[in-house]
Structures are given as structure tokens and as C-alpha cells.
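Novice: Chain by chain, the residues:
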Amino acid sequence: MPQSQQKSEDIAERIRNKIASEEEFLRREEEKEANNRRKNRPVVVITYLMVAVFMCLVVYIIYFMQMKAEVTIANSRNVRQDTFADRVVRGSVITSDGEVIAETVVDENGNEKRHYPYGNMFAHAVGYDTHGRSGLELSGNFYMLRSHTNIVEKITKGLKDEKQRGDNIVTTLDKRLQETAYNALGYANGAVVAIEPSTGRILCMVSKPDFDPNDIENVWEYLHTEEGEKSSVLLNRATQGMYAPGSTFKVVTLLAYLREHPNDASNYDYTCYGEDDYANVEISCAGGYAHGEVSLESSLAYSCNTSFANIGMTLDKAGYKKTAEDFLINKDLPYDGEYYKSHFDIDASSKDTEIPQTAIGQGETRITPLQNAIIMCSIANGGELMKPYLIDGVESANGTKIKTMKPKSAGSLIQPSEAKELTEYMKSVCDYGTAAWYFSDTSYDVAGKTGTAEYDNEGSCNSWFAGFSNPEHPDLVVSVIVEDSDENGINATGVARQLFDTYYAGQ
Amino acid sequence: MINLICELSQYFIMLFMILYTVKCFSALSVTDEKKRKKKTNKQIGYVFVIHFFCYLVLYLRTEDVNILVFYLAQILVAVLYMLIFHGIYKESSALLSNNTAFLLLVGYTMLTRLDFSLAVKQFVLATIGLVLTSFFPYIMTKTKNLRDHAVLFGVLGIVALLSVFVPGLGQEIYGSRNWIHLGPLSLQPMEFVKILFVLFVAGTLAKANTLKDLMINAIISAIFMGVLVLEKDLGAAVIFYLTYVCMVYLATSRPIFLIGGIALGVGAVLCGYMLFKDSLFSHVMVRVAAWQDPFANIDGSGYQVAQSLFAIGTGGYLGTGLMRGLPEVIPVAESDFIFSAICEELGVIFGLTLILVIVSIFISFVNVSMKCRDPFYKYVSFGFSVIYIVQSLLNLGGVTKFIPSTGVTLPLISYGVSSVLSTLVIFAVIQGIYVVTTREAIKNEKDRERARNFLEQANAAISAEE
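Line by line, the protein sequences are chains A and B.
1 is the number of the first residue of the first sequence in this note's numbering; add one for each residue after it.
1001 is the number of the first residue of the second sequence in this note's numbering; add one for each residue after it.
Simulated from the structure, these hints should not be mistaken for lab results.
Backbone N, C-alpha and C fix where the C-beta goes; we use that ideal spot for every residue, glycine too.
Some hints here could point you the wrong way.
[Said to hold, decoys possible] Covered stretches of chain A (in silico footprint by chain B; criterion: 3 or more residues with CB under 8 Å from a CB of chain B, positions within the stretch not fixed): (1) 19–26; (2) 31–40; (3) 48–62; (4) 75–86; (5) 158–166.
[Unchecked claim] Distance condition first, Cα-Cα at most 27 Å in a straight line; then the derived DSS-like pairs of lysine-lysine: (6) A:39 with B:1446; (7) A:32 with B:1207; (8) A:341 with A:408; (9) B:1090 with B:1142; (10) B:1232 with A:154; (11) B:1038 with A:39; (12) B:1212 with A:39; (13) A:18 with B:1446; (14) B:1371 with A:39; (15) B:1144 with A:32; (16) A:157 with A:408; (17) B:1443 with A:18; (18) B:1038 with A:32; (19) A:32 with B:1090; (20) B:1121 with B:1443; (21) B:1121 with B:1037; (22) A:157 with A:341; (23) A:427 with A:322; (24) A:341 with A:401; (25) A:32 with B:1443; (26) B:1207 with A:39; (27) A:32 with B:1446; (28) A:32 with B:1042; (29) A:420 with A:387; (30) B:1232 with B:1035.
[What the hints assert, rightly or not] Partial list, computed: chain B residues near chain A (C-beta under 10 Å): (31) 1171; (32) 1172; (33) 1173; (34) 1229; (35) 1230; (36) 1273; (37) 1274; (38) 1276; (39) 1348; (40) 1351.
Please model the complete structure; the sequences and the hints are all you need to start from.
Specialist: As C-alpha cells, this is what we get:
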């Protein structure tokens, strides 16, 4: 049957063709698929790149939350802090020895009032919380408005729509030292700062005239009276009082000289006749007393003005300025609260006539008690300054530790060898020099520098002391200024002595 | 009691947000259509739960009945949109439409909290946008001639960009001249031009065969970039440039175009900085300075970023809860800085998961491009993916101080007429490409299935014969 055979062969042929074309179709499809995969490579690369960048963003945000957020939001410009007050009863401020120095009292009607149990004693350090904020009330504001009480208390209070109890801040302030400083200043105006040089913890900070933060409404009213305007009671003299440094500045002058005479400083000698002329500026020693022949050490110990004016005249002005600025004069201080920047105006272009007064701390130089404390802290701690701070930690209202602040280095201001040398020189001040009388019968040694800074031509003067105890392993830096010491008879070194005594009595 | 409900709601919002994010990624990774459907259906539930708790808190805190009405209106539109859209387009991506709804609802929530009238405006505009753009997939399945007008798109784009220089029409805001006023509407032409730009680049690249074609394409693209630099709109210039570089890299498959492109971009920025740091780039310098240390000039240029960081940091991981933070202190919190407002009140965990959702949207976009065989659609969907992700990066990075802030919006969440409409167009076009590609793929799969069946039967018949 050729016809049917022909037909079946036709069909077979068509089937073969069909098979071939279907196979071709599948092959082409696979090829297209492979092509598309190859074509997709750039898409995959870009996708991985973008995902990687976004992972960086996520990690960055977590890093920000973990490491940076706390400090960022504690910024006093963060207005959100105030909204917390609607939900949280502001926490207390507690001294390192457990005394409550600021707390919020809530009456039956839910009215809150800030109460300061020690009144004036901690006024400037703690500050105030109405009509703006200052002191710890400002710098610790954020911590006190957060609540870390336990979850049960949180839920119970939440159910009753009651405010949560805020966290307490534990300050570095020591009530005993604060009290001693406060009483030692008596009715005199002035300021006291005491800092632990190895950590930077501020143990006391007193400023007078003071005010009662419980009565801040009336204080503000008083400030608007004629008398009040001049009183500057709100000014924290410890960090904002700008004083001529007087003889305490001789430490800076001395370091500038030591830097210029690394090998022959011990050869220095000078004969003091009680007064002398330098660049036509008349310089006289206290009471016109002639110290006779003095070395570099006894010049400092006796606080000999003519000798230091003599030293000052030999200094390279640019080097002098650098030494002052190494001690952070003219610079921002590593301190979180309110403060003023100290200033020292000598530079390479200054006239010689400015030098004699500047060298003995009269002149145009102005520094704060905190600045002097910082200079002493760096000397006491081998040149390295630990950042002075007031907040030791934060704890919840139940007493659980939330946060502990660690001491932070603010860098080395001077060389360790320089610190050691300056300490030796300053020991002489307290051994046989101007401060010897105050420290003759103590159980501890002191290195420091006294100062008497005249601020007018009528003999009115402020009394200074800046120094530290136990020079071998310095324990405590004290910086004291007493205004008008010639009238009130209170000497800064005497105040410092009382502080050291209290400090060691408790040890 | 209200406090407790609100606090608990905050935790629910966070929990369901995490679940939603997980589903975004797991829906991407499954290949089985049925399993994916299950996941995307759950997602819809999560969106509504998050949305419900947000509005519950908003209502309890404000006791404003308008908020309830607004809430119901949103639910109505969202349900209708999902039902009708999926009813008409059986092949559409549920993941994509879920994410569209999700982003819009998050945006409405935050805008309701910040400024109710803006939220309503945004809602009305976005709803109109949703209705209009739902026709896109239909149009795209019917016609293919979009690609033939690439050059026209290019010219149109440049003209639209130049419109900001027309006196009386254009306006300079925040140092950039990139706004125009049309009656009651303020628009940013750049937002629409970026769509035209991608269509232009994709169209010309799909046809380009020679280096000459590439050069012409490059020159016209450079004009776009030039106009943007003249507008001092650096954010937009960066978006356009990166998109262009990525698209050329895709079209040529040559890594040199990517590496060279990025190197050239960095070089151009450095040169621009050296030459024009006092004139054209002065406001850029201000932003760079504000980025390096926003707190140094907290009353001036650093204010915005500083406030943004305060907001994010103060809100913390868990957030203050809606209505309990102060997001209104951040300048333009409703637009460029909405992410900071979200972090402050809904929490940084919410913010981080939102970032992950945005990344998942980008990956789902890129998947569309990878599935697509047609070069034009492949380039278009890829270009849009890059635009979306780069713009999100500039926004999120800017408000968190990761990179200098460039003043671009967060797509579909930030308030902004131009931004929302143009993003809806982008989402709809990608949805359209998905529909077209899926239909093609289904048809292809059928053809292959048929061919395979035929061959199998033939082989069976042959072996039976033998």
C-alpha cells in the first residue's frame, strides 16, 4: 500500500519536524533564560551594594543609640526634657556621703515643690530649678526626669495615672567638706573648690555671697532691686569669678622659666631689697620687706615679687604665653557646668612694661578659682588633668544603680617631670615659706602657693591659696579665694587648712 | 487607664511591625505562589492591626472625633484598593500593593499626629493618585509604544526642570531653587522629571548599539545633572547621577562603567567644591558643616539635625508613644524629617524595622527587573528601584547624621504633593511591569509545558513502537 505508506511517512516527517521545532523552542527558551541571568549580574551587584550601605546605616543608628544618644539628649538645648516633668516626679540630688541636698516634695493635692534641706550651703553647686536652671539642676536635669523604678511600681502607678518617681543623681560633693568650706568662709565673699586630682571628682564647691534656693522667688525679686543688682549672688564665683591671680600665678611664671632653663635653674640667684624697677615699673615685696639673697626655690617660698619680676623680664613672651595656655588659660575648660574662660594677655608683641606686673599675677590676667584648681590638679596628677565633674552616678528611686560616671582624662597639660619639679618647689612654700605657719603642725604635707592680689590702689586685696595635700600621692586639690581679706581677716590658706583637716579627719 | 492602654498599644505596634517586616522578607524568599499568598494575606492583617493601635492611641490622647472619621475613611480606601486592584489584576504583586498601603498608612498616622489638615490633604491626593495609577498596569499590557518616545521624555524632562527658573513660577526654598507654584499647588518638578529621566535613559539605552549612541545619551543626561546643580538641588543631582550610572552599568554589563562612574562623580563633587565653594556650593558647605557638628551651630545651620538627633535619642528604642513627644519642634518634621518624628514617638525599633521594610521593597523592585526579559522594562524597573532606594538613603541618612542632609523626602511617608504622586507613579509602573512580565512568564511556562508534554508523549510513542 504505497499510498498509505506515503501518508504515514508524511505524518512521521511532520512529527519529526514538530519534535525538532519543539526541541528548538525549549533550547531557545533555556538560552534566553541563561542570557537573562547573565544580564542580571549588574542588578545583583547593585542590590548587594545598596543592602550593604543600608546595613551600615542600621549599624550606625544602633551605635548612635548605644554610645552617643545619652550625651546628645542630655544637652540643655533639648526641650524634650521638660515634657518628662509631666510624667515623672523630679528625682533628688544626693551627696557622696548620702545626704539629700535637693528633693521634690509632693503635697496631698499633687503640687510639687523643690526643697533644698541645706539651704544656702549647696546653693551654687546644686543651683535652682525655677526661673530657669543652674548648677546640678541644669546639668543633671535629664537624669532626674527619667524613671527606672521596677516594672511593678511602673504599672501600678500607670494604672492609677500617677507620676513615676524620677532617678536620683549622686554627686561627687562631700557634705562634710562642703560644710567646712561654707563655715570657714564665714561672712567673707569668695569661693572654694576642692577636687580629687586622680579622678577629677569635685568634692566641694562653695561660693559667697550665696542665696537660699528654697526662696528663689524672693531672690529674683531681690536681684531686681538696686542693691540686688550689684550683689551678683547668683554668680558661682568658684567657676565664674574672674580674679587677678596674685602670687599664685608665680607657679606659671616659674614653669615658663624652668622650661627656658632646663639645666641651670638651680644657679638662679637674686638679691631682694624689698623693691626694684623693671621697665620703669616699680615692684615691691609685701610690706616692702627685703628678702635678701634668694634662690629660685626661696623666691617662690617667700613669694618674692622683685625676684619674680626679674624672672619675668628674662622670659620669651611667646613661650610664656604657651606655658599659660598649656594650663588651659585662654582655653575652654573640660568642665560641663557654667564657667568663664580665664585670660592671659601677654603675647610676642606685648610691651616690656606689661611683664613685671604679669609675672607676679597682678597685671591684666584674670582667672577663676576653678582654673587655679585645674592647674594644681594637673601638677598633682603628674601633668595629666582628669576632667573635673560633679555627677558620680545615677540611681533609681529604689536605689538601683543606673549609671556610673567614669573619670575621664582631659589630656596631659605638662610633662610628668615638670609636674614633679613644680611640686618640689611648691612644697617649700608650705615647709618654710609663706604658708608654713598654717601647716606647721599638720599630720600631712602640703604643696601649694599663697597669693595676695591687690585689686585697687587703696590696699584692698583678695587672698588666694591653691595647692594639694600629701605631695607624694596627692589626695586633694584645694583652691580658695577670699575677697577683701584685709578687712575680714580671713586668710585663704587658713580656709584650705580647715578643708585638709576635715578631709583627713574622715579618713 | 488611658495611659496603660496607650503604653500597651505601643508594644503591640512594635510587635506587629516586627512581624510585618519578617513577612516582607519571607514573602520575598518563597517561590511557591500559594505560600506567598498566605504570607501576604497575613501582612494585610498586620497592617490593619498596626494602623488600628496607632489611631486608637491618637484618639485616646486627643479625643477628637474627626480622627475616628478619618481612620474609617482610610480603612475604606485601603480595603477597596486591595480588593479592587487584586480583583482586576490577578497577576499583580500583593507584596507591592501591601507595602504601598503600609507606607501610606504610616505616613497618614504620623501626619495626623503632626498636623491633621496636612494628613487629610495627603490622604485626598494619594487616593486620587491611587485611582489614577491603577490604570497603569492595564495601559501597559495594551500598549508598548512608551519606549518609542524616549527622546521626547528627555526633552520634556529638561524643559520641566528649567521651569523653576521662570520668574513668578519658580521659587527658592531652603537654598535650592527647585519649586514651582501652580495656583494653589506647590510642586517640585524634579519629582516628576526623575520618572521622565528614567524612561528616557531606559528607552535610549535599550536601542543603543554603538558607543556613539551611548555618548549622545550621556550628553543629554549630563544636561539634566547640570540643570539640577544650577538649581542647587544637590540631593536630586546625586539621585539622578547614581541612577544613571547604575542603568548604564546594567545596559553594558561592564563594571568599569560603575567604578568609573562613581569615581567621576566623586571627582566632580570635589572639583565643584574647589571651584564654587563660595558661590554655587555655599549652601552645600553649610550642610556639610552642620553634618560634621550640628551642635556647634545649634541656633543656625545645625538646628534641624540637632533637633532630629534630640528627637531620635530622647524617644529611645521604645519611643515616647504617639502624642507624647515633641516632634513638632523639628523643622519640617512633616516632610523631610518625618523619620525622626516616627523614631521619637513610635520608637527606634519601629524606625529600624521601617528601614528594613524599605530595603525589602527595593529588593522586590529589583526582583521585578530581574524577572523581566524585555530590556526597556528591565531598565525602567531597575532605574526606578535605584531612585527609590537612593532617595530613601539620602533621607534616612540625612536625618540621622549618617550623611549630610540633602533635603529629599521619604517616599510615600513624607508629606508632599509631588513626592507622593511621583512615588505612586513609580510603584504603579513597577506593578505594571510585574503584571506584564508575569503574564508573559505564565504564557511562556504554558508553551514550555506544552512542548515538554508533546516531547514526552512522542518519546513514549517511539519507545512503544520499538
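Novice: Now, for every hint given, state plainly whether the structure supports it.
Specialist: Now for the hints, and whether the structure bears them out:
{"no.": "1", "hint": "19–26", "result": "holds (count 5)"}
{"no.": "2", "hint": "31–40", "result": "holds (count 5)"}
{"no.": "3", "hint": "48–62", "result": "holds (count 10)"}
{"no.": "4", "hint": "75–86", "result": "holds (count 7)"}
{"no.": "5", "hint": "158–166", "result": "holds (count 3)"}
{"no.": "6", "hint": "A:39 with B:1446", "result": "holds (24 Å)"}
{"no.": "7", "hint": "A:32 with B:1207", "result": "holds (18 Å)"}
{"no.": "8", "hint": "A:341 with A:408", "result": "holds (21 Å)"}
{"no.": "9", "hint": "B:1090 with B:1142", "result": "holds (16 Å)"}
{"no.": "10", "hint": "B:1232 with A:154", "result": "violated (51 Å)"}
{"no.": "11", "hint": "B:1038 with A:39", "result": "violated (32 Å)"}
{"no.": "12", "hint": "B:1212 with A:39", "result": "holds (22 Å)"}
{"no.": "13", "hint": "A:18 with B:1446", "result": "holds (17 Å)"}
{"no.": "14", "hint": "B:1371 with A:39", "result": "holds (11 Å)"}
{"no.": "15", "hint": "B:1144 with A:32", "result": "holds (21 Å)"}
{"no.": "16", "hint": "A:157 with A:408", "result": "violated (38 Å)"}
{"no.": "17", "hint": "B:1443 with A:18", "result": "holds (20 Å)"}
{"no.": "18", "hint": "B:1038 with A:32", "result": "violated (31 Å)"}
{"no.": "19", "hint": "A:32 with B:1090", "result": "holds (26 Å)"}
{"no.": "20", "hint": "B:1121 with B:1443", "result": "violated (42 Å)"}
{"no.": "21", "hint": "B:1121 with B:1037", "result": "violated (33 Å)"}
{"no.": "22", "hint": "A:157 with A:341", "result": "violated (46 Å)"}
{"no.": "23", "hint": "A:427 with A:322", "result": "holds (25 Å)"}
{"no.": "24", "hint": "A:341 with A:401", "result": "violated (34 Å)"}
{"no.": "25", "hint": "A:32 with B:1443", "result": "holds (15 Å)"}
{"no.": "26", "hint": "B:1207 with A:39", "result": "holds (16 Å)"}
{"no.": "27", "hint": "A:32 with B:1446", "result": "holds (16 Å)"}
{"no.": "28", "hint": "A:32 with B:1042", "result": "violated (36 Å)"}
{"no.": "29", "hint": "A:420 with A:387", "result": "holds (20 Å)"}
{"no.": "30", "hint": "B:1232 with B:1035", "result": "violated (48 Å)"}
{"no.": "31", "hint": "1171", "result": "violated (31 Å)"}
{"no.": "32", "hint": "1172", "result": "violated (29 Å)"}
{"no.": "33", "hint": "1173", "result": "violated (25 Å)"}
{"no.": "34", "hint": "1229", "result": "violated (23 Å)"}
{"no.": "35", "hint": "1230", "result": "violated (28 Å)"}
{"no.": "36", "hint": "1273", "result": "violated (22 Å)"}
{"no.": "37", "hint": "1274", "result": "violated (26 Å)"}
{"no.": "38", "hint": "1276", "result": "violated (27 Å)"}
{"no.": "39", "hint": "1348", "result": "holds (6 Å)"}
{"no.": "40", "hint": "1351", "result": "holds (7 Å)"}
Checked against the numbered hints above, the structure breaks hints 10, 11, 16, 18, 20, 21, 22, 24, 28, 30, 31, 32, 33, 34, 35, 36, 37, 38 and satisfies the rest.
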